[in-house]
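Turn these sequences into a full structure, and let the hints guide you.
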Amino acid sequence: MTDLLRTPLHALHLELGGKMVGFAGYDMPVQFRAGIMAEHTHTREKAGLFDVSHMGQVVISGGDWDALATAFETLVPMDVLGLKEGRQRYGLFTDKNGGITDDLMFANRGDHLFVVVNAACKDQDIAHMKSALEPALDVAPVTDRALLALQGPAAETVLSELAPEAAGMKFMDVATLMLDGAECWVSRSGYTGEDGYEISVPSEHAESLARRLLDHDDVLPIGLGARDSLRLEAGLCLYGHDIDTTTLPAEASLTWAIQKARRQGGAREGGFPGAEAVLSQMQDGPARKRVGLRPEGRAPMREGVELFAEDAGGEPVGKITSGGFGPTVGGPVAMGYVPADKAEPGTVLYGELRGKRLPVTVSAMPFVAANFKR
Amino acid sequence: MKYTEEHEWLLEEDGLIVVGITAYAAEQMGDVVFVELPEEGTEITKDDEVVVIESVKAASDILAPLDGEIVEVNSTLADNPALVNDDPTGDAWFFKMKPSDLSPMDDYMDDAAYKEFIGD
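If you read the protein sequences in the order shown, they are chains H and G. My numbering numbers the first residue of the first sequence as 25 and each following residue consecutively. My numbering numbers the first residue of the second sequence as 9 and each following residue consecutively.
Keep in mind the hints are simulated off the structure, nothing from the lab. There are no misleading hints in this set.
In silico lysine to aspartate or glutamate, EDC-like type, Cα no more than 20 Å apart, as pairs: (1) K380(H) with E47(G); (2) K65(G) with E327(H); (3) K65(G) with D252(H); (4) K380(H) with E57(G); (5) K380(H) with D56(G); (6) K380(H) with D69(G); (7) K54(G) with D114(G); (8) K380(H) with E48(G); (9) K43(H) with E35(G).
Written as structure tokens, this is what we have:
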């Protein structure tokens, strides 16, 4: 086994009693002393601080916004050109078959495009961007910055104490803020369904900034365990589980992320990898769809649980791709793929758990109402 | 009290064996959110999976420590699974069984041996 990488906050995690696990090649805290349930609830009620420095940060530069956006649109089915300076958008990389190779955030930061990709995919994503965009543009992985997420209803108050401008930002705004004496690239976004910020901070300042944020009474350190239950309740996809190269955007219920300009009949229709497959599936409707699922009772249904149309007999019609206990919901929640004609909320299916079929109801997502500052 | 390598504790009480999980196991498991108990009266064979415990992290099983019959289950745990974290060696016992063969008890660890086993 190769050695696990460490983020700039590794020593702080150990000091705070983090239970460390290997995740995407990094030694990361799955929980701290409070435990997953308490960390989850604290983030929904006050604020939690997450270390997401394992994720890939990339700066694409070397042209004006039109040049950057036009080039980036060859890689993603999103409207990049129409993204205003100081704004961020959710995106997807697709392959030649239209399958999703990663999901990402990208921001118009004036003279450059700032991209944040998943840790497990970052090497492949960077290679992909370099081969497609260089030498016309410069694709530079940011290796000297940590990434923190401050999430929860108290996040605004906490961050505003360090930089009052933070309060004026709206959901998906990005800005450069001086925090604790360091130049930080901040977005008002996250992966919990709560209001909050993601903060790219120079590595040498990361621990000092984290300590300042944690000094606030309302802020607790949060591990990957609660990060997963929070995003699941928020109905957000986990790459490699809910979406991957075998899922196209329409069946993944992510057509909302494909703006009109790139759709059939749009001003810049297609022009990204697998466009034909992606757009025709959007047009014709997919055979299966990613949906929210609420198992009856208390038993969590996790990834891999097969779904059936009937309570006995027959072949599986679908599968759970993420699932667990939702602490805020107070019961099990899951998402998975089901046939399009069984994707309507309220449809009852059966999940097979330890040889028993238990009812599961298709349900709208998010499971917990989003709390964004629009 | 005796202990298994599966981190169960076994307490002999009025000819019955009371079964629970150790504080160490509860701590490792994290917040327990669901417990599935067997039916009272179930005949069990050593190493049968008799209880399912789901935590926020994963599912784990309790294996039958002995041959015998389940005579009582702690149904409180169905409504309050968090009790497993709060009081693993007390109120959060899982079941009481009537053993048909007590001989494996000799092979299970005593307090000192279990402490050593978990590296305490």
